[in-house]
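> Going down the list, the protein sequences come from chains P and X.
Numbered according to the working numbering, the first sequence spans residues 1 to 455.
Numbered according to the working numbering, the second sequence spans residues 1001 to 1400.
Source of the hints: derived by calculation from the structure; they are not laboratory data.
Idealized CB from N, CA, C, for every residue including glycine.
A few of these clues could be false.
[As the list claims (entries may be wrong)] One-sided excerpt, in silico: chain X residues whose CB lies under 10 Å from chain P:
#, residue
1, G1043
2, R1045
3, R1060
4, A1084
5, L1232
6, A1233
7, N1241
8, L1289
9, H1291
10, I1295
11, E1297
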Amino acid sequence: MEPTSALTARYRILAVGRAGAAAVQPLLSAGFIDVEFAVLDTDPEALAQSPITHRVHFGEAATFGLGTGSDPARGRAAAESDLERLRPLFAGARLIFIVAGLGGGTGSGATPVLARLAREAGALTLGVATLPFDCEGRQRAQHAREALTAFRSSADAVICVPKQRVLAQFKEQERPALTEVLAAANDLSGQSIRGLIQLLTRPGLMPLDFAHLERLLRGRHAESCFATVETTGPQRTRDAVEQLLRHPFLDRGQALSEADAVLLSLAAGPEVSFTEIDHVFTHLQNVCERATVITGTSIDSALAGRLVVTVIASRNPTNAPSAIPLSSEAHSTAPQAPPLPGSRPDSNAALGPDLMSAPTLPGVPGTAPLGGHTRDDSSSVPVFAGSGSLASPSLATVANPTVGALTKKKIKPTQSLLNFDTLPNRGRFEGLPATVYQGEDLDIPTYARRGIALN
Amino acid sequence: MFKREQIVVGLEIGTAKVCAAIGIVTPAGGLQVIGVGSHPSTGVRKGEIVDLNHATREVREAVGIAEDAAGAEVSSVFLGVTGAHILGSTNRGVHPIASSDRTIGPSDVTAALSHAKLQNLPNERWILHHIRQDFIVDDQAEVKDPVGLLGNRLEARVHVITGHGLRVGNSIRALTDTQIGIDEIVFNGLSSAMTTLSRAQKDAGSLVIDLGAGTTEFALYYRDILRHSGVLAVGGDHVTNDIALGLRIGTTLAESLKIEHGGAFVDDRCRGGRIEVPSDTGTPTVHSLEHLRRIQEARLEETFELVAQELGPLLQWARGGVYLVGGGSRTPGITALAQRILQLPVHLGRSQDLSGASADLEQPEYASVFGLLRYGALRLRQKPKGFARVKQLFQDTFNR
Chain P
1 MEPTSALTAR
11 YRILAVGRAG
21 AAAVQPLLSA
31 GFIDVEFAVL
41 DTDPEALAQS
51 PITHRVHFGE
61 AATFGLGTGS
71 DPARGRAAAE
81 SDLERLRPLF
91 AGARLIFIVA
101 GLGGGTGSGA
111 TPVLARLARE
121 AGALTLGVAT
131 LPFDCEGRQR
141 AQHAREALTA
151 FRSSADAVIC
161 VPKQRVLAQF
171 KEQERPALTE
181 VLAAANDLSG
191 QSIRGLIQLL
201 TRPGLMPLDF
211 AHLERLLRGR
221 HAESCFATVE
231 TTGPQRTRDA
241 VEQLLRHPFL
251 DRGQALSEAD
261 AVLLSLAAGP
271 EVSFTEIDHV
281 FTHLQNVCER
291 ATVITGTSID
301 SALAGRLVVT
311 VIASRNPTNA
321 PSAIPLSSEA
331 HSTAPQAPPL
341 PGSRPDSNAA
351 LGPDLMSAPT
361 LPGVPGTAPL
371 GGHTRDDSSS
381 VPVFAGSGSL
391 ASPSLATVAN
401 PTVGALTKKK
411 IKPTQSLLNF
421 DTLPNRGRFE
431 GLPATVYQGE
441 DLDIPTYARR
451 GIALN
Chain X
1001 MFKREQIVVG
1011 LEIGTAKVCA
1021 AIGIVTPAGG
1031 LQVIGVGSHP
1041 STGVRKGEIV
1051 DLNHATREVR
1061 EAVGIAEDAA
1071 GAEVSSVFLG
1081 VTGAHILGST
1091 NRGVHPIASS
1101 DRTIGPSDVT
1111 AALSHAKLQN
1121 LPNERWILHH
1131 IRQDFIVDDQ
1141 AEVKDPVGLL
1151 GNRLEARVHV
1161 ITGHGLRVGN
1171 SIRALTDTQI
1181 GIDEIVFNGL
1191 SSAMTTLSRA
1201 QKDAGSLVID
1211 LGAGTTEFAL
1221 YYRDILRHSG
1231 VLAVGGDHVT
1241 NDIALGLRIG
1251 TTLAESLKIE
1261 HGGAFVDDRC
1271 RGGRIEVPSD
1281 TGTPTVHSLE
1291 HLRRIQEARL
1301 EETFELVAQE
1311 LGPLLQWARG
1321 GVYLVGGGSR
1331 TPGITALAQR
1341 ILQLPVHLGR
1351 SQDLSGASAD
1361 LEQPEYASVF
1371 GLLRYGALRL
1381 RQKPKGFARV
1391 KQLFQDTFNR
């Protein structure tokens, strides 16, 4: 087969498999600058349905043009068999998003290979992966988990969108429509890409921020979570912070306090005031004191009266529980939102009304534009860029040691899932049949199984 | 030099070493070791062969060294086997006495024994040993020889040691290219116990634990009867592997640190202790002695706990003492640790009643290969001269 025609844009969004194609669909009309889309699949029929013009059918030799039948091994083989054809997709790119739904065949199997190719081509590689609903079955969940581990280790960072947590947004609805739920899940993965690309492509911001993004993510192999909120009305900054801190994707704020790299992006209409931006960033940075934070702000006349805050938090995969939900209960049983983890007494006092005691205002209270703000009506003006560019010295990029102790206290004592990645491996017994005695793998060091601390 | 009948050879394809020992049975019934050959093993993991070519080559080496030392040629060996697939279980076989006067005859005993032996035996498992324990005549237990007694019902208790046929077959495969025949296949745990325990110790109740590199075998005797035996696929390799992972060092360094600085528990002297390892760059790397010991202690402690768990209430029969053999028994402080876990007197085991010039006689690592010699010597005594049919040997009752 012929090599695929090369892409030329610096930012590329590659949709892999059916779920990937669906996830990028809402982005096609966003009108990004310097961004190209391509859709990759093993199934020519699925490919033909995609509105994206740059279509790549790969793995014909491995799958006989029939798709992978939800077999990740076949998806992987398909990508491996067509490496040379796929390479032109990656050459010359600065940032590549690989968007896929994990759990099936093409998405789970091919994405780690594609991410490897992207990194080999020198691009910063970000994965955006949706994880299956619980009801899709154990096998898919297992495939997704394995694929995520592989994806994470080959990409610079992977943003996870667990679809099951999308359901949490529909809690109040008794019978959410299937199409609505799926659209919301796709929308979320789209939003994370949109947030990042807007941050990068708005004129004036890009050079500095790409460098920062790269420093933040390059080679970390982190698993990231992503959340975005949009608020309006006079309380919009408070609402935004509050909604973020109890966002199901951020583990109700815990992801922020445990994160070691956070990207905060704020977009608002031209009426936005400095105090508003200060409020949002100060509060959020107080939560993620341990993290390296980069912030970006942009003004867009299309957002008149609205405030959009996007957070991408990466935690080190070796010491944090995985974001992969093993069961939905963990996030849906808490009847009341826990106290917000990020409210330091001093910062609350400084910022007027105590955030913790503020009444919860669910939903969006009207769309009345703020009066009294007269500003230049240029369509898109960067206000802040770079890390720690806000005035307050406490917003320095890395937490200072004195506040580290405070942060520790704030982490809720939750029972996290045992992450098997963190156990030492089986060393020289790797690959041999495990010595399982009453459910314990005796080849794993005793000290590790018994939790004997070595320090 | 020697007549073939007198020579007995033991061969153990172990995880750490392949070891051959050649002995001669003296006319008085004693056993003299005349040659020992040992070669580091690379083709075995957890007691089972994973690389047949390496294993075969190392068997040739070890047997060659032993042959040179003994000045004798090896034609066949008693082959020791181990591995997680080997199971020891005590079966009961019941036989109703049919004769009109209810006298128990030899055929009744054979029938009861064979019922016990073949009980619950899946097709793929081979019987390595079946060792008569005792008989129960009606309600009377602990009968040693029921022939001639009166009763309605004869029950035989037999300890059967079985192995997975294909995995035992792998050990046999290692010898097929070497022109060395196999007299018998012997479970290492049994052979270690045979050379370590005297008859008096077996009678008083003793447990032998062979702490090998790949596996840990155990055999429990009480009133001169083998009560239980088994194997755990955990050994010195696991200790080394734990140290390598815990201290983030290579396996070779971990092994040498274990040998030089290892110990069975953390004592006050090693708290905060440091081990300096010279490196090529000049600045030595430093490791924590306390961590090394703690890792080792955790693994050894667990190993003894697992043995205790396997034996369950039978452990109390080992009041005569626990004897540790195998390379792991060289760990400083191991007897104290075992005593703490098992709550029984613990000693280091030594091969008994061996004569010979070799310096290896007292080494705990060689217990199982010398045990093979002892097993072989016993077999030679029992064997009718001229024809040695393994099948017939299996039918012999073997009760030592």
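> Hint by hint, which ones does this structure get wrong, listed from lowest number up?
Numbers 1, 3 and 8 - these are the hints that the structure violates, sorted from lowest upward.
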